[in-house]
Amino acid sequence: MKIGLVLHPERARATEVAREVLAAAAARDIEVVAADDGAGGLPGVDNGDLDAAELILSIGGDGTVLEAISRALPLGLPVLGINSGRVGFLAEIEEAHVDATMDRIAARDWDIEERMTLKAEIEDGPVVHGLNDIVISKRVLNRLATLVVTVDGEPFRTYRADGIVVASPTGSTAYSFSAGGPAVDPRMRALLMTAVAPHSLFSRTLIFGDDRRLSFRAGTDRPVGVEVDAAVLGELEPGQSVHVSVGDQVARFATMGGKRFPQTLKHKLGLDGD
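If you're matching positions, the sequence shown starts at 1 in the working numbering and goes up one per residue.
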């Protein structure tokens, strides 16, 4: 069998874990391939297309999982994350369990958990899918962004804030959570809209159904930036809009029955003693 590998290129521990994975893969006759030298040029990894792989293995933190998902989405491949980062909401496997994990990969012993994605469409610009969040934010440090929001084409509200985060349930524990949003079970389908440092007495997260279309128009004073999963998508000039909805693509996670969201939330947020 063949698996893909996506590795955090600047994290020494991720490289060490990758070497363990490669040794375990060789012992089980598993071919490992990485696109665009995505495994840091490690010996034992072939550079090539991922489309013949059965699964993509991510080694790093949540950012590395997002990179793996961006490669997997067009191919419909599942992603399995090995956590060598800090938070690790997205990576199911801890690095101490590499050998047992490779046994199960060799036996094709995994289940699939599907997660909704987000779609961002800039007027006269690209259409991009992401897993975690879409962020519309100011570009001038000491000035607020003005964002005119419509829902399904109907006027909703004008925000003056550092920005707005639209998160999926999977992304609810990332930037949205830091901005005061709730943690949502990633199996749900919804759009979470959270203003970042709004100039307003109202600062609650709003949760919309998965059939809604949210639009954000830059105010007349200055442009704003748009990012998808922390990658820059582009810039909105005054009067230009970006439309956000549930994506057409589905993210597929390989799961081995390890981490469950309530337990992960409890552990990562330090709630074990309560």
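Hints were generated in silico from the structure; no laboratory data involved. Hints should not be assumed to be uniformly reliable.
Claimed, not checked - Here are the in silico distance ranges between beta carbons for each label pair:
id, residue 1, residue 2, range
1, H199, P155, 13 to 21 Å
2, A96, R213, 20 to 28 Å
3, D49, R104, 36 to 44 Å
4, A52, L206, 38 to 46 Å
5, L206, G239, 37 to 45 Å
6, R19, H267, 22 to 30 Å
7, R160, N47, 45 to 53 Å
8, L201, M256, 29 to 37 Å
9, F202, R139, 39 to 47 Å
10, A96, A230, 50 to 58 Å
11, A106, R260, 54 to 62 Å
12, R260, T220, 27 to 35 Å
13, R143, P9, 30 to 38 Å
14, K266, A52, 46 to 54 Å
Stated by the list, open to error - Each computed SDA-like pair below joins lysine to any residue, with the alpha-carbon atoms no more than 25 Å apart:
id, residue 1, residue 2
15, K119, K2
16, K119, S245
17, K2, T255
18, K268, V33
19, K119, H129
20, K268, V98
21, K266, R252
22, K266, S241
23, K268, I207
24, K268, A100
25, K268, K2
26, K268, E10
27, K268, A190
28, K266, D221
29, K119, K266
30, K268, H199
31, K119, L42
32, K119, E10
Each residue gets a CB set at the ideal place from its N, CA and C atoms; glycine is no exception.
Hints versus structure:
1. H199 <-> P155: 13 to 21 Å: At roughly 19 Å between Cβ atoms, P155 and H199 fall inside 13 to 21 Å, so the hint holds.
2. A96 <-> R213: 20 to 28 Å: For R213 against A96, whose Cβ atoms are near 44 Å apart, the range 20 to 28 Å is violated.
3. D49 <-> R104: 36 to 44 Å: violated, 25 Å
4. A52 <-> L206: 38 to 46 Å: holds, 43 Å
5. L206 <-> G239: 37 to 45 Å: violated, 24 Å
6. R19 <-> H267: 22 to 30 Å: holds, 27 Å
7. R160 <-> N47: 45 to 53 Å: holds, 48 Å
8. L201 <-> M256: 29 to 37 Å: violated, 46 Å
9. F202 <-> R139: 39 to 47 Å: With a Cβ separation near 24 Å, F202 and R139 fall outside 39 to 47 Å, so the hint is violated.
10. A96 <-> A230: 50 to 58 Å: Cβ of A96 to Cβ of A230: about 28 Å, so the range 50 to 58 Å is violated.
11. A106 <-> R260: 54 to 62 Å: violated, 24 Å
12. R260 <-> T220: 27 to 35 Å: violated, 47 Å
13. R143 <-> P9: 30 to 38 Å: Holds, since R143 and P9 (Cβ atoms, about 35 Å apart) stay within the stated range.
14. K266 <-> A52: 46 to 54 Å: About 39 Å separates the Cβ atoms of K266 and A52, which means 46 to 54 Å is violated.
15. K119 <-> K2: Roughly 30 Å separates the two Cα atoms, so the pair is violated.
16. K119 <-> S245: Given that 25 Å is the threshold and the Cα spacing comes to 5 Å, the pair holds.
17. K2 <-> T255: Roughly 18 Å separates the two Cα atoms, so the pair holds.
18. K268 <-> V33: Outside the cut-off at roughly 31 Å; violated.
19. K119 <-> H129: holds, 5 Å
20. K268 <-> V98: holds, 21 Å
21. K266 <-> R252: holds, 24 Å
22. K266 <-> S241: Between K266 and S241 the Cα gap is close to 38 Å, so the pair fails against 25 Å, i.e. violated.
23. K268 <-> I207: With a Cα-Cα distance of about 23 Å, the restraint between K268 and I207 holds, given a limit of 25 Å.
24. K268 <-> A100: Holds - the C-alpha atoms of A100 and K268 are around 23 Å apart, at most 25 Å.
25. K268 <-> K2: violated, 32 Å
26. K268 <-> E10: holds, 23 Å
27. K268 <-> A190: holds, 23 Å
28. K266 <-> D221: Distance of about 43 Å is beyond 25 Å: violated.
29. K119 <-> K266: violated, 30 Å
30. K268 <-> H199: violated, 31 Å
31. K119 <-> L42: violated, 34 Å
32. K119 <-> E10: violated, 29 Å
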